[in-house]
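Asks: Work out the full structure: start from the sequences and follow the hints.
Each chain is listed here by its residues.
Number of protein chains: 2
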Amino acid sequence: MTAPQVEIYGPGYHPSQTKHHEWRTAENSAAHLLPHLERLGRANPRLRVLDVGAGSGTITASLARYLPSEGTILATDISDDILDRARTHAEAQGPDVSRRISFQRASAYELPFPDGAFDVVHAHQVLCHLASPADAVREMLRVCAPGGGVVSLRETDMGMWCFWPAREELEQFRQLATDVMVANGGQAEGGRRLLSWVLQAGAERADVEAGFGTWCYSAPQDRRAWGGSMIDRLRTGQMRDKGFDLGLVTERGIEEMIRAWEDWMAADDATLGIMNGEVIVKKK
Amino acid sequence: MTAPQVEIYGPGYHPSQTKHHEWRTAENSAAHLLPHLERLGRANPRLRVLDVGAGSGTITASLARYLPSEGTILATDISDDILDRARTHAEAQGPDVSRRISFQRASAYELPFPDGAFDVVHAHQVLCHLASPADAVREMLRVCAPGGGVVSLRETDMGMWCFWPAREELEQFRQLATDVMVANGGQAEGGRRLLSWVLQAGAERADVEAGFGTWCYSAPQDRRAWGGSMIDRLRTGQMRDKGFDLGLVTERGIEEMIRAWEDWMAADDATLGIMNGEVIVKKK
Numbered sequence: 001m002t003a004p005q006v007e008i009y010g011p012g013y014h015p016s017q018t019k020h021h022e023w024r025t026a027e028n029s030a031a032h033l034l035p036h037l038e039r040l041g042r043a044n045p046r047l048r049v050l051d052v053g054a055g056s057g058t059i060t061a062s063l064a065r066y067l068p069s070e071g072t073i074l075a076t077d078i079s080d081d082i083l084d085r086a087r088t089h090a091e092a093q094g095p096d097v098s099r100r101i102s103f104q105r106a107s108a109y110e111l112p113f114p115d116g117a118f119d120v121v122h123a124h125q126v127l128c129h130l131a132s133p134a135d136a137v138r139e140m141l142r143v144c145a146p147g148g149g150v151v152s153l154r155e156t157d158m159g160m161w162c163f164w165p166a167r168e169e170l171e172q173f174r175q176l177a178t179d180v181m182v183a184n185g186g187q188a189e190g191g192r193r194l195l196s197w198v199l200q201a202g203a204e205r206a207d208v209e210a211g212f213g214t215w216c217y218s219a220p221q222d223r224r225a226w227g228g229s230m231i232d233r234l235r236t237g238q239m240r241d242k243g244f245d246l247g248l249v250t251e252r253g254i255e256e257m258i259r260a261w262e263d264w265m266a267a268d269d270a271t272l273g274i275m276n277g278e279v280i281v282k283k284k
Numbered sequence: 001m002t003a004p005q006v007e008i009y010g011p012g013y014h015p016s017q018t019k020h021h022e023w024r025t026a027e028n029s030a031a032h033l034l035p036h037l038e039r040l041g042r043a044n045p046r047l048r049v050l051d052v053g054a055g056s057g058t059i060t061a062s063l064a065r066y067l068p069s070e071g072t073i074l075a076t077d078i079s080d081d082i083l084d085r086a087r088t089h090a091e092a093q094g095p096d097v098s099r100r101i102s103f104q105r106a107s108a109y110e111l112p113f114p115d116g117a118f119d120v121v122h123a124h125q126v127l128c129h130l131a132s133p134a135d136a137v138r139e140m141l142r143v144c145a146p147g148g149g150v151v152s153l154r155e156t157d158m159g160m161w162c163f164w165p166a167r168e169e170l171e172q173f174r175q176l177a178t179d180v181m182v183a184n185g186g187q188a189e190g191g192r193r194l195l196s197w198v199l200q201a202g203a204e205r206a207d208v209e210a211g212f213g214t215w216c217y218s219a220p221q222d223r224r225a226w227g228g229s230m231i232d233r234l235r236t237g238q239m240r241d242k243g244f245d246l247g248l249v250t251e252r253g254i255e256e257m258i259r260a261w262e263d264w265m266a267a268d269d270a271t272l273g274i275m276n277g278e279v280i281v282k283k284k
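Protein sequences, first through last, are from chains A and B. Counting from 1, one number per residue, gives the positions in the first sequence under full-length UniProt numbering. Counting from 1, one number per residue, gives the positions in the second sequence under full-length UniProt numbering.
Don't read these hints as lab results, they were simulated from the structure. Note that the structure is predicted; figures quoted are calculated from it, not measured. No residue lacks a Cβ here, since even glycine has one placed at the ideal position from N, Cα and C. Please note that the accuracy of each hint is not assured.
[What the hints assert, rightly or not] Derived contacts from chain A toward chain B, CB cut-off under 7 Å, selection only:
| hint | residue |
| --- | --- |
| 1 | Arg-193 |
| 2 | Leu-195 |
| 3 | Ser-196 |
| 4 | Asp-269 |
Replies: Encoded structure:
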């Protein structure tokens, strides 16, 4: 086994970071997996799902609702603190959800499970935080069951955000977020590169379905959730600190970005579209 | 009535332009409409659909498969030639499809139909070719039936293309396509602006669902269809001629773009993602 990769979640776990993650559900962030989950669940009532890098676990909990009668999800992350938060969220969904989910600290680079241990291996916005994404995909393929198991991945692309109304400060925000992500050792172009990582990890092209999915923040409640979270990041988040440390932004620049987000949140015709790469690998 | 807008389809109807349009189906290009079409069709077996700017009509024909028993689609365009092509395509799909579709020459700015004449009004990649998109949306809202009729729109965004493997020449192609579109009087940022056009046309925000959808060209057959069509455009299309006329590109630049598309078509890990704005307006 090669030396373990450095295990740090670059953005950290400040509420400014985790809050908008909790907007995420299976429906808005793992829709490409759902037909496969339902198909496999019809054939196997004891479906075993691994959710790698589950974070605060809102997608995990909503995936649980798509499982067959005896299906289970094991959620991993590298932080015990965030797994505690995920556990609390799962319990709040009631026993039908929480009884299906267990939690275990694990690195995506060295999953402590035997080959083929899971029917479905899912990871959402995990590879973009890793220095060696293909190594993590190789591990996910290893623990996925041969003969039809599925690895499901989704990664954002920091180059694929569009805002309306157009504001230079929002574009500066996107650039700052990108630069901080890269400075943290992450991958800014995961959406477009996801397929290449999967092939580097040993999958064959014919076994991979590649596509793109989106997030749209435009309805008033979605604008408030997203814009409020971005303003929190600018006021108190790791992005602010790192931006100052790296000389990427000034106090005045931060204030202008905050005002631009406030204006965007207030505009009835506002949209933010973000594109994410999505792949399904069917393991032979 | 205000003076009619100039009615020209900027890109023209050369095969280099129309060929890749014929890859489009209801499933890959109007998925946001399908649940509404099925919902409305269950309540009304005589559902009346208007497809504005139907072009070569492949989406029209595949929408016909989602209609209730006595449902019909009227397809309009400003070109009789392209409507002939659409009619031929519809006839090739067999009588179950062709009996439902009729064709009529019409401008999106002045739809020759009474108020509320259609239960569903659909337009795909039409507004991006117009100088006054909101005026066309106002017409579509006018001919849509009040009390629950639906206007369904989808518009691309030329700023939201991502390529892998990264190649400067593909980015130059995207920029050339954008510049030619704008020189033809079109709108390059329709994806992000679609909601704003709909509100300018008089819709209320609470009656609009806004989102984004994507095209992905990555599977071998999709790479061949898209790449081949882009190379045709560079070799013989209106984009080439206009690019030369406007001094946007050189012969050598064109050749380099063609080679870049050929390499992209041959790469197993190649992806092209394109994001489109999508809205559904429910007419009160």
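Asks: Next step is simple, just say for each hint if it's right about the structure.
Replies: The hints, checked one at a time:
no. : hint    : in the structure
1   : Arg-193 : 6 Å, holds
2   : Leu-195 : 5 Å, holds
3   : Ser-196 : 4 Å, holds
4   : Asp-269 : 4 Å, holds
Comparing the model with each numbered hint stated earlier shows that all of them hold.
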